[in-house]
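2 protein chains.
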Amino acid sequence: MTDRCVIALDVMGGDHGAAVVIPAALDVLQRSPEVSLILVGDEAMIRNALGEAAASQRIAIRHASEKVEMHEAPSKALRGKKDSSMRVAIDLVKEGAADACVSAGNTGALMAIAKFVLKTIPGIDRPAIIAPVPALKGHTHVLDLGANVDCTAEHLCQFAVMGYELVRALEGKESPSVGLLNIGEEEIKGNEQVKRAAKLIADSHINFIGYVEGNDIYTGDVDIVVTDGFVGNVALKTSEGLAKMILQLIRQSFTRNPLAKLVGLLARPVLQPFRERIDPRHYNGASLVGLRGIVVKSHGNADRIAFAKAIETARQEVEHAVLHRIGERVAEVFAAKESA
Amino acid sequence: MTDRCVIALDVMGGDHGAAVVIPAALDVLQRSPEVSLILVGDEAMIRNALGEAAASQRIAIRHASEKVEMHEAPSKALRGKKDSSMRVAIDLVKEGAADACVSAGNTGALMAIAKFVLKTIPGIDRPAIIAPVPALKGHTHVLDLGANVDCTAEHLCQFAVMGYELVRALEGKESPSVGLLNIGEEEIKGNEQVKRAAKLIADSHINFIGYVEGNDIYTGDVDIVVTDGFVGNVALKTSEGLAKMILQLIRQSFTRNPLAKLVGLLARPVLQPFRERIDPRHYNGASLVGLRGIVVKSHGNADRIAFAKAIETARQEVEHAVLHRIGERVAEVFAAKESA
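If you read the protein sequences in the order shown, they are chains A and B.
All residue numbers for the first sequence refer to our numbering, where the first residue is 1 and numbers rise by one.
All residue numbers for the second sequence refer to our numbering, where the first residue is 341 and numbers rise by one.
In short, the hints are calculated from the structure, not lab data.
Predicted model, so just to flag it, every value in this text is computed and none were measured.
Treat the hints loosely; a few may be bogus.
To be verified - Interface residues of chain A toward chain B, partial, derived using beta-carbon atoms under 10 angstroms: (1) V149; (2) A153; (3) G184.
Said to hold, decoys possible - Below 25 angstroms or equal to it, Euclidean Cα-Cα: the simulated PhoX-like pairs (lysine-lysine) are: (4) K244/A <-> K584/B; (5) K455/B <-> K416/B; (6) K82/A <-> K119/A; (7) K535/B <-> K76/A; (8) K455/B <-> K434/B; (9) K513/B <-> K477/B; (10) K477/B <-> K244/A; (11) K513/B <-> K261/A; (12) K94/A <-> K82/A; (13) K76/A <-> K119/A; (14) K601/B <-> K261/A; (15) K173/A <-> K137/A; (16) K94/A <-> K115/A; (17) K261/A <-> K244/A; (18) K82/A <-> K115/A; (19) K137/A <-> K584/B; (20) K584/B <-> K477/B; (21) K137/A <-> K459/B; (22) K459/B <-> K434/B; (23) K94/A <-> K119/A; (24) K416/B <-> K195/A; (25) K199/A <-> K173/A; (26) K115/A <-> K76/A; (27) K76/A <-> K94/A.
Even glycine gets a Cβ: it sits at the ideal position worked out from N, Cα and C.
Make the full structure from the sequences, and use the hints.
If you want it as structure tokens, here you go:
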């Protein structure tokens with residue numbers, strides 16, 4: 001537990017910018033008395049959007065004159081926009097003025113700038129993106145979700161160690177289980193890199209349960225699923241597409257004719273908890289782990305509820321000293337490996 | 341259109357063997373008058389299970405003394421069980437006694453034996469596994485679903501050409517669209533092998549629409565999605581896990597209390613078409629493409645309806661001369677490439 005928690009928000013990022021970030025920020029301030037926020041972006045616009053709330057002791061505004069566009073090349077955003085709201089928010093973390101930052105901006109740019117400004121922690125070659133997905137029992141954290149397309153076995157092992165410690169810290173589980181994503185066909189049982197990664201992870205003194213398959217992500221029987229960013233991203237996007245299709249087919253079923261509509265009205269409250277359970281807004285907020293600072297990525301089209309959830313993820317990481325704990329764990333595991 | 345269609349069935353394969361294969365076989369014979377079946381397995385058992393149906397002119401029984409176990413190593417099945425029902429069914433295709441074979445047995449063994457016995461067609465290095473999945477509009481064919489974990493760009497291009505021609509033949513579409521599975525992050529836009537594959541496929545004179553992402557599998561906006569077997573298998577299994585979770589959560593919602601149960605009873609018939617639409621039994625039957633023979637793999641735990649669907653897939657491939665058409669297309673594309 002820390003007693004202060006300052007979070008910098010990239011107000012200009014995402015599809016909706018201030019229209020979503022500012023209401024979400026105000027919601028968080030109301031709910032979490034220990035949180036202060038630095039709103040980064042066009043000062044006049046922010047001040048205007050805040051209205052009376054601008055007077056709050058727990059809100060600071062930091063002007064930034066530029067904005068990273070959603071489809072801008074990361075290298076261009078990194079080199080060409082030193083005063084973007086995204087860059088300034090990350091700089092605030094680097095300087096120690098903020099404990100964490102949250103952005104709904106372009107993932108590639110966020111990763112590139114965060115890596116450049118904050119650097120990776122010792123023992124970690126590449127940061128990874130981790131996020132929870134709903135499972136039949138609780139939820140499952142999956143990494144990497146798209147930061148790294150070509151991973152070595154060593155990278156996968158680093159991801160496993162970071163995911164393990166992040167979930168330990170956030171969820172208070174003594175020893176969460178870690179699975180390595182693989183495919184089950186006998187003759188092929190994984191490619192070479194996955195086989196080597198399994199050996200490395202087994203040596204890392206974490207609760208490694210071995211290979212898991214795609215369907216295990218949704219059972220909740222494993223806490224952390226490790227894979228490379230290409231596969232993780234495909235699994236995530238495929239899931240999004242399938243969930244969308246299923247919900248749309250259900251909606252169609254309940255609107256096919258007047259009788260179906262009536263049944264749909266009755267079913268709506270019954271299905272409400274189910275909708276809540278799989279509502280992606282409640283899972284918004286992916287963490288960039290492996291950096292020397294806490295950076296949380298919100299979905300680009302997040303609404304107020306979803307963006308507030310991403311801020312909450314950052315708050316929890318600060319509260320549970322995730323950064324410090326991952327650093328210690330990585331140092332311990334990889335020092336032990338080197339001396340072994 | 342061919343006027344005869346003989347399909348060999350591996351009666352011993354799958355979780356249920358004859359208990360599923362024989363009723364499914366009888367269903368198919370009733371529905372499809374041009375089909376004859378060769379039932380391969382323990383002759384006495386099959387004769388017994390068939391009862392009076394054994395007298396049908398359209399049923400032949402071929403004894404096989406061994407059985408490939410579901411978790412048997414493919415190499416062991418290939419070398420050690422020359423008289424397995426799976427092997428004999430594939431041998432029948434090789435000899436020309438059958439036009440196609442269907443097995444619910446171990447995928448790895450089926451692929452290994454089929455490759456060894458039938459060989460690949462000229463221009464194809466490796467066979468792939470292709471199957472349809474339901475989409476919001478119609479369905480989408482995805483390959484490779486797990487036969488090849490480490491694919492080169494050339495392999496992906498071969499998969500694209502085979503998938504294109506298979507869907508053209510089966511669905512009668514003049515020019516179905518082919519997408520290459522990738523991830524959308526700007527900085528990383530695919531790994532090297534995917535980028536190279538995109539160039540090769542673009543040169544293949546098929547309707548290549550470029551990169552697609554995981555969610556596009558379920559929109560139905562693309563007819564064929566090409567990826568390597570590791571990613572394809574993860575996407576498939578992840579989808580299975582998610583669909584299972586969603587259906588279970590819906591079931592839980594409708595059993596939470598007496599009122600919910602009542603609404604559930606009313607909703608059941610309304611949701612029936614939705615259930616049908618995503619029922620995996622209707623999508624059972626993955627094709628091993630790239631071989632000099634038609635081999636269809638049924639899900640191991642397929643029931644009677646699902647296994648009949650797999651036989652139907654084989655029947656359609658025979659009817660539409662898929663093998664011949666893929667061979668011609670591959671020869672054409674890759675000959676053109678060599679001379680270019």
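A quick look at each hint next to the structure:
{"no.": "1", "hint": "V149", "verdict": "4 angstroms, holds"}
{"no.": "2", "hint": "A153", "verdict": "14 angstroms, violated"}
{"no.": "3", "hint": "G184", "verdict": "8 angstroms, holds"}
{"no.": "4", "hint": "K244/A <-> K584/B", "verdict": "15 angstroms, holds"}
{"no.": "5", "hint": "K455/B <-> K416/B", "verdict": "15 angstroms, holds"}
{"no.": "6", "hint": "K82/A <-> K119/A", "verdict": "17 angstroms, holds"}
{"no.": "7", "hint": "K535/B <-> K76/A", "verdict": "21 angstroms, holds"}
{"no.": "8", "hint": "K455/B <-> K434/B", "verdict": "11 angstroms, holds"}
{"no.": "9", "hint": "K513/B <-> K477/B", "verdict": "15 angstroms, holds"}
{"no.": "10", "hint": "K477/B <-> K244/A", "verdict": "13 angstroms, holds"}
{"no.": "11", "hint": "K513/B <-> K261/A", "verdict": "35 angstroms, violated"}
{"no.": "12", "hint": "K94/A <-> K82/A", "verdict": "14 angstroms, holds"}
{"no.": "13", "hint": "K76/A <-> K119/A", "verdict": "19 angstroms, holds"}
{"no.": "14", "hint": "K601/B <-> K261/A", "verdict": "18 angstroms, holds"}
{"no.": "15", "hint": "K173/A <-> K137/A", "verdict": "15 angstroms, holds"}
{"no.": "16", "hint": "K94/A <-> K115/A", "verdict": "11 angstroms, holds"}
{"no.": "17", "hint": "K261/A <-> K244/A", "verdict": "20 angstroms, holds"}
{"no.": "18", "hint": "K82/A <-> K115/A", "verdict": "14 angstroms, holds"}
{"no.": "19", "hint": "K137/A <-> K584/B", "verdict": "13 angstroms, holds"}
{"no.": "20", "hint": "K584/B <-> K477/B", "verdict": "21 angstroms, holds"}
{"no.": "21", "hint": "K137/A <-> K459/B", "verdict": "45 angstroms, violated"}
{"no.": "22", "hint": "K459/B <-> K434/B", "verdict": "9 angstroms, holds"}
{"no.": "23", "hint": "K94/A <-> K119/A", "verdict": "9 angstroms, holds"}
{"no.": "24", "hint": "K416/B <-> K195/A", "verdict": "21 angstroms, holds"}
{"no.": "25", "hint": "K199/A <-> K173/A", "verdict": "24 angstroms, holds"}
{"no.": "26", "hint": "K115/A <-> K76/A", "verdict": "15 angstroms, holds"}
{"no.": "27", "hint": "K76/A <-> K94/A", "verdict": "21 angstroms, holds"}
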